[in-house]
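Visitor: Chain by chain, the residues:
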Amino acid sequence: FRSSRSWAPPAWGYSCARTPSSLPSLCPSFLSPPLGSVPLQASTFPVFAPSSWFGPARMLSTSTEQEEPVKIERRTLKNGSYATVITLSRPEKLNALDLNMFHAIAKAAEDVARDRDTRVVVLRGAGRAFCSGLDVKSILSNPLKSVESIRTLMQRTEGKLSNLAQDVGFLWRRVPAPVIAVTHGVCLGGGFQIALGADFRFSDKTCNFSIMEGKWGLVPDMSATITLRELVPIDVAKELTMTARIFNADEAKSLGLITKVCDDPFEEALAFCETLSNQSPDAVAAAKQLFNRTYVDTSEEEALRIESELQNVLLKGWNVVSSVAKGVGLPSVVTPGRTKRSDYWHK
Amino acid sequence: FRSSRSWAPPAWGYSCARTPSSLPSLCPSFLSPPLGSVPLQASTFPVFAPSSWFGPARMLSTSTEQEEPVKIERRTLKNGSYATVITLSRPEKLNALDLNMFHAIAKAAEDVARDRDTRVVVLRGAGRAFCSGLDVKSILSNPLKSVESIRTLMQRTEGKLSNLAQDVGFLWRRVPAPVIAVTHGVCLGGGFQIALGADFRFSDKTCNFSIMEGKWGLVPDMSATITLRELVPIDVAKELTMTARIFNADEAKSLGLITKVCDDPFEEALAFCETLSNQSPDAVAAAKQLFNRTYVDTSEEEALRIESELQNVLLKGWNVVSSVAKGVGLPSVVTPGRTKRSDYWHK
Amino acid sequence: FRSSRSWAPPAWGYSCARTPSSLPSLCPSFLSPPLGSVPLQASTFPVFAPSSWFGPARMLSTSTEQEEPVKIERRTLKNGSYATVITLSRPEKLNALDLNMFHAIAKAAEDVARDRDTRVVVLRGAGRAFCSGLDVKSILSNPLKSVESIRTLMQRTEGKLSNLAQDVGFLWRRVPAPVIAVTHGVCLGGGFQIALGADFRFSDKTCNFSIMEGKWGLVPDMSATITLRELVPIDVAKELTMTARIFNADEAKSLGLITKVCDDPFEEALAFCETLSNQSPDAVAAAKQLFNRTYVDTSEEEALRIESELQNVLLKGWNVVSSVAKGVGLPSVVTPGRTKRSDYWHK
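Residue numbers (full-length UniProt numbering), protein chains in the order written: chain A, 1 to 347; chain B, 1 to 347; chain C, 1 to 347.
Think of the hints as simulated: they come from the structure by calculation, not from any bench. Heads up, the beta-carbon is just placed ideally off N, CA and C, and yes, glycines get one too. Take these hints with a grain of salt, some might be off.
[What the hints assert, rightly or not] For lysine to aspartate or glutamate, the following EDC-like pairs were computed, each having C-alpha atoms within a straight-line distance of at most 20 Å:
1) K160(A) with E309(B)
2) K160(A) with E300(B)
3) K160(B) with E302(C)
4) K347(B) with E158(B)
5) K78(A) with E267(A)
6) K316(A) with E148(C)
7) K253(B) with E230(C)
8) K253(C) with E251(B)
9) K160(C) with E300(A)
10) K260(A) with E251(C)
[Claimed, not checked] Which stretches of chain A does chain B cover? Using the computed rule of at least three CB atoms under 8 Å from a CB of chain B, they are:
11) 148-160
12) 215-221
Could you build all of it, start to finish, from the sequences and the hints given here?
Guide: Next up, the structure:
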């Protein structure tokens, strides 16, 4: 996380759009974002970004139709820490993914990955649905542009693991704070792959899901390859991918694709934010990194080494002291408070 | 998939037996089968092979008792494409696996792997059971032959991943079309490992299963090591393998070993063939390869690279155009038809 | 398993304590324990070790409070073979893990790993609980000693995969006999990681579980990284680790963390010992090693090679002959008896 790029913080929140033209200069690689944390401010929802923040590049390249494809706000939790709520905001299209949306979601993940003040991230959709998937009509509307769009989505930058299509699902794994996807309405194709990239999926009872890509003669290529294998048996992944069929929240839960089905998943997600915010932010970040790095393809030796490595980081931090003091029952008046998550998890 | 071997197609279907003596010359390696597709013809079931097709080698080496240990037929699906039904056919022995059977099953898998016209494969057993496992009495009937038989089963050919014992389970993973095992009666030991090699397992309600090898003081060594880990928690695999106990279809389903339990699994499998045949054969083949290659031991980086690689193959094919046209709702009169699966998936 | 260290067998059972000071000389590495098997004797429970057995080192370094933190007894099974019951025995502290306990548990696992006569291992807790986890108060009671204790737990010996903290969970995987953890009361933090290291977990209905480390601002670093991924989807592992919440036996079972919930898990475990003891000890050891080595990060090629390799070992052993004779129904009078587990599995 080193970069010479500096930026101005938004005054009371921000929304973001990253465009093809501005991408190379704004963020050459996820592995080399700007130094330091993003000084986000608490805000109420919905938020509007001050135009001064985005600079001329964005103003030139963003269509008027999609001024704010992703909205970001902070929620103050009971203990004074913050949750960041990221809302896909193209409700008239059920938050379908056009190129603007891809850039904005990837940018939101990169930004929140740098934010040491965010304890938990909630990812949801505005309007009637979480996300209806790829906006095929928009992407294909202009034959010449289509080729260009697909190239933009699939181009692999040197030194970067994921391309833009994968970024929107994969980059949530690189956010040190846990990410909860809140799904409702529909969660299809690329939208489902975004939700699969989150650490947890809370869904309302009426949400419909699909690994939809087969409908277009394609396979899921927005990081589902990494996320499905951590959740379900291989015959489940194959059946849903090959048929592209719709399935409901109860089936998604029974298959293991959804963490929880509830009446009001956003409220449940906020309650879970409260729970998580009472834990050490370092321990939570370490747990996320620990399992993400070791769950599938790591040898016994390497996995044992990694758990010790991360524990050693925690043992050197202040939050283990404050956690132990609280854990052994010292009165809160003498219990030292928790500090922000260590820089270590943002590297 | 290169070979100088040519062959004559059967007139209306075929059954096959591959014998030890004919194996080396007929198919030196799964990685180098004959060029091109197998021009199978539609047929009704049961089928009988024209004797001229098999040539003298087979005639010499096959006992009269087991003229056709595996039968193969084509079923025409509603949209005119084909499903291939492969039937283990030694019903008087509950389709127990003797050496002839091993060769015939492996050959059937190799043949159908080259067949671009087959959209889905159904694998089932004739008579009262799917397969009762290794025919231990036959294999052990002659002490001298036993050693030879075991050597034949376990011999590893240079450049080939699996030996003959593993072929009968493993080679179904190399078939580009999805494979549905239909189990009934009993599905034991080697028989269960064959079924585990399929992409999906549909079982009737009365079928009994066992990882039976422990009964003989052995471990499953017909590719269950690869397939169990993609389906069940490790304590389940250990318990069933160590005890060799019998379990029924409902337990198999609840453990995740069976995809579906139904009254008539063959009818359900054919219905599933119809569903799959309406998808792009390229997308289906890509989905199968994608998960088979990445589900267990592939790094994040490699898995992300593979999903992009396969998507790029699909994007260059005709079937993505026809799928998108159908998907966006163009009238069928102007929707281009689907083509055969690309040669790419048969390499 | 080579070492020049010799030892005297206990007269009628033994309990063990391994202390920091004696560790380097007694057992420099799990990979180089003494040659040969441990000549354990059958005993009744509870057992007391003859003081002469442990030698002066232990006498000097063990506090009087914790004379026998782990008790070991042999149970004779119906067919005359043995189960070894290992009991965490610090009931006044709910078997909480202090440094003495860590050494004793690791030593018990190392010892039983060398014991060719033990067919099954049962691991349980004395008193009201299986294990309440790390004895944080004891470890932290003396600030100077705390640093030393943590260093002792986390120090990694050259050529050894696991450190002492990991040994107590990980080393059960190196025991050729299957290990059944019997849990009751509470099974928290480090205690749960010990149970996760067993091949099977039988729990009573009232047992409470937790991946408790988050309470101390830590992550599980006693081999849970290796064991959780073989049992549950990643979102389950993350949720339980991040929240450190308590969950009961029914939830543990439904999540896949527990193999079986029953009224009397110790009785069920002993019944399972009887079942396992009727199988070939070589086949059981091979099954355990097969899945432990291949379940997560092994390529198709390597996994297929390993299953053949282990099968070849079995085929050369006597127990496959006796198993086949029994399996094909030879009368017991002419059926050859089973022999001890081969040395191969103890290397």
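Visitor: Would you list, in rising numerical order, the hints stated earlier that this structure does not obey?
Guide: Per hint list: zero violations.
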